[in-house]
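All chains should be built: construct the whole structure from the sequences, respecting the hints.
4 protein chains.
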Amino acid sequence: MNISIIGATGYAGAELLRLLYTHPRANIIHLTSESSTGKKISAIYPYLRERCDLTLTSLDNIEQIAKDSDFIFICLPHGHAMKVGQLLESKNIRIIDLGADYRFNDISTYEQWYKVKHLHTAASRVYGLAELHREEIKSARIIGNAGCYTTASILALAPLVKNHLIDAKSIIIDAASGVSGAGRSAKQANLLPELYDSFKAYAVANHRHTPEIEQELSILNGENIILNFTPHLVPMARGILSTCYANISPAVDDKTINEAFAKMYGQEFFIRLLGEGGYPTTKNVRGSNICEIGWHIDRRTNRVIVISAIDNLVKGAAGQAVQNFNIACGFDEKTGLDFIPVYP
Amino acid sequence: MNISIIGATGYAGAELLRLLYTHPRANIIHLTSESSTGKKISAIYPYLRERCDLTLTSLDNIEQIAKDSDFIFICLPHGHAMKVGQLLESKNIRIIDLGADYRFNDISTYEQWYKVKHLHTAASRVYGLAELHREEIKSARIIGNAGCYTTASILALAPLVKNHLIDAKSIIIDAASGVSGAGRSAKQANLLPELYDSFKAYAVANHRHTPEIEQELSILNGENIILNFTPHLVPMARGILSTCYANISPAVDDKTINEAFAKMYGQEFFIRLLGEGGYPTTKNVRGSNICEIGWHIDRRTNRVIVISAIDNLVKGAAGQAVQNFNIACGFDEKTGLDFIPVYP
Amino acid sequence: MNISIIGATGYAGAELLRLLYTHPRANIIHLTSESSTGKKISAIYPYLRERCDLTLTSLDNIEQIAKDSDFIFICLPHGHAMKVGQLLESKNIRIIDLGADYRFNDISTYEQWYKVKHLHTAASRVYGLAELHREEIKSARIIGNAGCYTTASILALAPLVKNHLIDAKSIIIDAASGVSGAGRSAKQANLLPELYDSFKAYAVANHRHTPEIEQELSILNGENIILNFTPHLVPMARGILSTCYANISPAVDDKTINEAFAKMYGQEFFIRLLGEGGYPTTKNVRGSNICEIGWHIDRRTNRVIVISAIDNLVKGAAGQAVQNFNIACGFDEKTGLDFIPVYP
Amino acid sequence: MNISIIGATGYAGAELLRLLYTHPRANIIHLTSESSTGKKISAIYPYLRERCDLTLTSLDNIEQIAKDSDFIFICLPHGHAMKVGQLLESKNIRIIDLGADYRFNDISTYEQWYKVKHLHTAASRVYGLAELHREEIKSARIIGNAGCYTTASILALAPLVKNHLIDAKSIIIDAASGVSGAGRSAKQANLLPELYDSFKAYAVANHRHTPEIEQELSILNGENIILNFTPHLVPMARGILSTCYANISPAVDDKTINEAFAKMYGQEFFIRLLGEGGYPTTKNVRGSNICEIGWHIDRRTNRVIVISAIDNLVKGAAGQAVQNFNIACGFDEKTGLDFIPVYP
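Chains as they are written, first to last, in our numbering: chain Z, 1 to 344; chain E, 345 to 688; chain V, 689 to 1032; chain C, 1033 to 1376.
Just so you know, the hints here were simulated from the structure itself, not pulled from any lab data. The structure displayed is predicted, hence computed values, not measured ones. Where is the CB? At the ideal position from N, CA and C, for every residue including glycine. Any given hint could be a false lead.
Said to hold, decoys possible - Here chain E is said to cover these stretches of chain C; the calculated rule only asks that three of the stretch's residues, wherever they fall, bring their Cβ under 8 Å from a Cβ of chain E:
1. 1201-1212
2. 1216-1228
Claimed, not checked - In the BS3-like style, the derived pairs of lysine-lysine whose C-alpha atoms are separated by at most 27 Å in a straight line are:
3. E/K384 <-> V/K1022
4. Z/K187 <-> V/K728
5. C/K1115 <-> C/K1071
6. E/K599 <-> Z/K169
7. C/K1194 <-> C/K1287
8. C/K1194 <-> V/K857
9. C/K1099 <-> C/K1072
10. V/K850 <-> C/K1201
So, in structure tokens, the structure goes:
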């Protein structure tokens, strides 16, 4: 497959390059960057020298890019991807957007949380979380790749919500991310001395991944779920951990909970169930497309605490995109993604 | 005041030495360590050379230590402090225990969570959290210095619980700590390569700080509070952040919440209220005795999210002990504790 | 003493505020910042709230600042401090400049390395490294506070160079610094994800601290010293370690080397000699004004390796400035600086 | 090829498992551990669950292991590997030892630095650094895989030493490593709180990698080289940077230096030449088998400064072993090793 990446100079784009370099079925054709057009990608990321030295082109080239590519990965900020989607509307080309523009079923939810008018309501699109939407991903023209916090959080709660084992009104998600999630643009707040030996929350009660989690959990549950989501910033580079709380519905026993996870994820290659009492750890999935899930049942309080860990740049971004790409192309889903986490 | 430290070689003991070195009213007389008896403290912690070179003695010396000291700080693991307390029962000496042995009003709660028989139910003792028990600290003979997670969590929730502004059954505390909280003993799990670039939860639903938080919040509220507390390990050295969730009681408005914090803490020198919308950050209190508190009111879910930050070794251990010492001695409460956090 | 800080919003300025807050003889009167005029310093550094809430003024106010102050600390980039020095030329006010503008005896050296025309060759000035120039600091009107790498490097080598124990042509200094040394301005290269789990050299053979080290060592030695200095960036916030190499002059024995250090530094409060075989460690001096020095004599190669450690923001900047301030004012040199490092 | 790993539970063994998992020509048959015999490797390293769940056996099984394996990787501490070598003396099996036992041509040098009697002077063995000994690696029965610091240091200096461009008596190597180089055994000194925000040297003038570097550089140069090597510990998990200094021989110009590197490494897949003025960075090679090399020529001092960066666990250990394995087996040298570094 010939693929191109629109917006290749952010961390998600760079991670895509890492994964696609060893993917046996992908040929990287074009990379674009509006701010660095004409430079080599290896001038932006020197670790790519002698491995990937493609010259960055501009979106102005979109006709040629479309002509040369079977698949396009878009790694642009929200609001920009949909413009590319519009331009490609009439082309026979499939798209995976790693941003938020194609994730929402209800455009008004998108517009309300992202404060931007939506311009492109593509007909054939799907929420790009393979474990939930594998069938639709096979044929959708546009895949709205699931977000990082959302992937960890939805996967953690899906079996419980789908099987009505928890009180849907009681969900609280407390999550933490490495700083690569904040992107590569120069900000004083993200300088190493500012964040080193420090921990803090941000975007409490208004983070944009909230409605995305709510959308998917509501679909699974059948009724409208509203929840709390609180992200934190960890002084590390990669990784997301979601710690999710919910009240257990009356009469639900441990066995039922354990079976719900086993049934939903038992055959999933990228989900590693640690079981009841298990402790997912971001280092255990670092560099890989794996999502670890463990849960704890507290009968003192009648709550279940589900914990999940992913690498925010892999299962939370580029790895998920490659997984979706594999499904969309009919490849074995783990093609190019079957490797061991980088530890220590 | 002549003071001695029993168990001076752990991180809490070392932090006490740092704080007492510049305290104008404390003379450090004896330091003990059973594992390093006869060595200088500066052989254990080389950064103390030429500043504090006292030789470590043994608890076998307790008669002499008691004779020479007005105040004794105990930094021993739980189960050991109470034995020292017993030995000093008949002495005219005051004690601050930085461990758990003297924190519980109900001994059976202690025995149930700590799996050890309690040996010394001292009559004159108090839970050593100055903002809640200042008056009793003035005269108590034994002060059971509040724990690290507990200090952050109780201070965050106290105004809401005391004023019945939240549903007492709905409390969830999600907290994270630097690794100094795990102590200085050699454990593979705490090696730098194991924890670096990693984040995880531990002791879910069974951490021993849970009943301590419940005790103090129950007293404030008047009814028995049971809650969830989940600690996480952050790849950093110092700092604790508690993110606390609770359902807001019907009809409670923002103003009432804001006023509850202002009223309870407006005059507290060591509590820095960041107000509604504030984001406490562990780096902003590093090395200091300050507790930062901010809160967020989410009307979508009718929950309040209160966040607090402390330095686990200062307000969470040694600084709190010095604050209690100041109160107990009738000194200005901020004596030796009025300095600026170490940033960056 | 009434003091003011010109350029208070960088890390060095902020560290001065931390140290002066507990200094018994300094009253902070004015703080300036051209980029944040009118804001409170605690809006720039929230950890200062309720401790230091002064409003930042502009250099336009220099007349008033001069009138109100006995001492002025300048924390501006090189090239800017000398303009302030000019403005204050006729005032009866003493100055400590934490930058490079007043460090060089030979202006042409400054101009060559800093690529800027020097504008203010003040008559009464001194290189502000107390251990070498204590007497002149007492009376100089302008003190050119020694740089961070330079302080560590000069102090490591001074006894050997002064006593002609090493081949002056053979000196190589390999040093490493925490990222706070790179300042607080927003640069992509200093984002946490870029530096975390990474180590690199920079400015090889052209770092501007080179001529400063050469100047002071040449004075001590009596002949012109040219050397190699290589800085590295460590993924941490604070600290500098200098590892210095030199060939031992023929016939110099270990005892002579050891005595040279003991004689020069035996009475220095802020120098902690670890002796032959000692290993200075940045964490052992973190937050303090201490410089640790240890050395190793290798008879296989006939080289001496001297290692020194400082906190770049304290003995390498603000602490050194306060030490110089104390000397200049006739205070005990350790006033406000006698505290224990922050560990762990 | 059927391969087995003796001593699989250290970091080097675990990294071998990561690399061999995706190697198309290696089947992992046996893993041994004397301390964890009978456990699954995934119980020791939970990130291996569902990917590599082999049960650890004991060296007592060596007959069976030898029978089942074509190639054996030994990851034991020095002094132990040679005992395994002895046991396998008569077997038709090839060995790569990742420790020091088979690295020295002169056994007395080994015995002097390692303080242990050498027991097995195998006839057919080679120093396992492919860029220097590729031809011998093809046929040697035992490959003494080059050490981590040594690989970085030798590769940096080889072109200069081989071509007599520097004064062989003037070499100084100042290097720094992440903490994974210190192994996985529980030591107080390597706890995260002890090393975080800290930097220090260790083993000055006596590190055991010194004679290994000297051996290889002496062979290249033709005369006996003695040098200084100083390791430092960086608060990070992975990576080694070597900064090497040497006096340039009279009359050597820049072009000659540049050409020496180009000629020696121009065709090397795993060496990335950054050229004169280049800055190798450990993050740029993290997780990969690449060695970055850059150099700086200082005409003020007539010295060359060569800098090299590797991942200590890959090109410094397991990756190098796989590279040697590929050569020994006649596979393409980059088989299973051609991937992009993990960044950020």
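Given pair status - V/K857, C/K1194, alpha carbons within 27 Å: holds, 25 Å
Restraint check for C/K1115 with C/K1071, where alpha carbons must lie at most 27 Å apart: Satisfied, since the Cα-Cα distance of roughly 24 Å is no more than 27 Å.
Given pair status - C/K1201, V/K850, alpha carbons within 27 Å: Within the cut-off at roughly 25 Å; holds.
Holds or violated: E/K599 to Z/K169, with C-alpha atoms at most 27 Å apart: Answer holds: E/K599 to Z/K169 is near 25 Å, not above 27 Å.
Coverage of the stretch 1201-1212 of chain C by chain E (three or more Cβ within 8 Å): It holds, with 3 qualifying residues against the three required.
Hinted pair C/K1194 and C/K1287, Cα distance within 27 Å: holds, 16 Å
Hint consistency between Z/K187 and V/K728 [alpha-carbon to alpha-carbon, up to 27 Å]: holds, 21 Å
Verdict on chain E covering the stretch 1216-1228 of chain C, criterion of 3 CB contacts below 8 Å: Coverage by chain E holds for the stretch 1216-1228 of chain C (12 residues, Cβ < 8 Å).
27 Å limit on alpha-carbon distance, applied to hinted pair E/K384 and V/K1022: holds, 24 Å
Agreement of C/K1099 and C/K1072 with the hint, judged by alpha carbon distance not exceeding 27 Å: Judged against 27 Å, a Cα distance of about 22 Å means the pair holds.
Hint check: no violations occur; every hint is consistent with the structure.
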